[in-house]
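Chains as they are written, first to last, in the working numbering: chain Z, 1 to 209; chain H, 1 to 72.
Hints are not guaranteed to be accurate.
[Unchecked claim] Facing chain H, from chain Z, some residues (calculated, C-beta under 7 Å):
1) Ile20
2) Ser21
3) Ala85
4) Ser86
5) Arg189
6) Val190
7) Lys195
8) Leu197
9) Leu201
10) Leu204
11) Leu208
The hints are simulated quantities; they were obtained by calculation from the structure and are not laboratory data. A quick note: this is a predicted structure, and the numbers were derived from the prediction, not measured. Here a beta-carbon is modelled for each residue, glycine too, at the ideal position from N, C-alpha and C.
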Amino acid sequence: MGLALVLALIVAPEDADQGISQRIFYIHVPIALTAYFCFGLGAVKALLLLWRGDERYDLESYVAIHQGTIFGALTLITGAIWAKASWGVWWTWSSNQLVLFLVLFLFYCAYFMLRFSLEDGPRRARSSAVYALFGVALIPVSFLAIRLAEDFIHPTVFTRDGPQMSGSMFATFVVSWGAVTLLAYVLYRVELAGKRLDADLRELREALQ
Amino acid sequence: MSWSQEELVAAAYAVVFVFVLVYVAIIAAKLARLQRETAELVEMARARGGGDRAPDYAAPVSGARKRDIGAP
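Just chain Z, with the same shape it has in the complex (with noise of 0.2 Å):
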């Protein structure tokens, strides 16, 4: 992380359009890929649920999905703040990508109420699974809509021929892609041992009560 930053805030280059505000790009972006492929993790892991039955997915698929929550708000919070240094405005209903992504967002917030409006068992397990399956289909949407609709608000910086920066800043980006992606795994690592300590506990109190 502290190489990412040291690269991302002083060794990349300014942006010739954008200028400064371009180097929210490097925290942006890999918090947005990162969001979505947590979503994704948790939809792997609800469908080994209902395919395999062994409920330990359903742990991981729930961090999976909380995961994703804080990495989705940390891509609103930090994609508005670009938008307000790139185009004077908080927020704009007009970008396709923006508006997706909220809807995306509010999904897998919307799971959450679900998962907790359910009494802890197999059948709250096969619901947020299936629940989970059905959000991972607005992810493709979401991460193609600027294409598919030609938004011409949200900079589109990977085309079909590669990135549209130079080497030292995909560099830049790579670096802080995998530090973000690394941030995220050692917070799912350390979440899903703390949950599952924490219903251990729960059951060593049964059983010796």
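Dock chain H against the given chain Z, drawing on the hints supplied.
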């Protein structure tokens, strides 16, 4: 209120930093709670065992305990 470009860049990175910091603080609080609960359960196990010595989790892992916890 008008924001300069530099302030907005700093704000974007600061928001991420604060989020991670809050997350780590929450995890630390949870870890402290789990430690308290573990201590309570050890006391409970001691009381149930009629004063028998509860397992010492601070002791070095060896032999049978290694197998119990799945350590290599």
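Evaluated hints:
no. : hint   : verdict
1   : Ile20  : 5 Å, holds
2   : Ser21  : 5 Å, holds
3   : Ala85  : 4 Å, holds
4   : Ser86  : 9 Å, violated
5   : Arg189 : 11 Å, violated
6   : Val190 : 6 Å, holds
7   : Lys195 : 9 Å, violated
8   : Leu197 : 6 Å, holds
9   : Leu201 : 5 Å, holds
10  : Leu204 : 6 Å, holds
11  : Leu208 : 5 Å, holds
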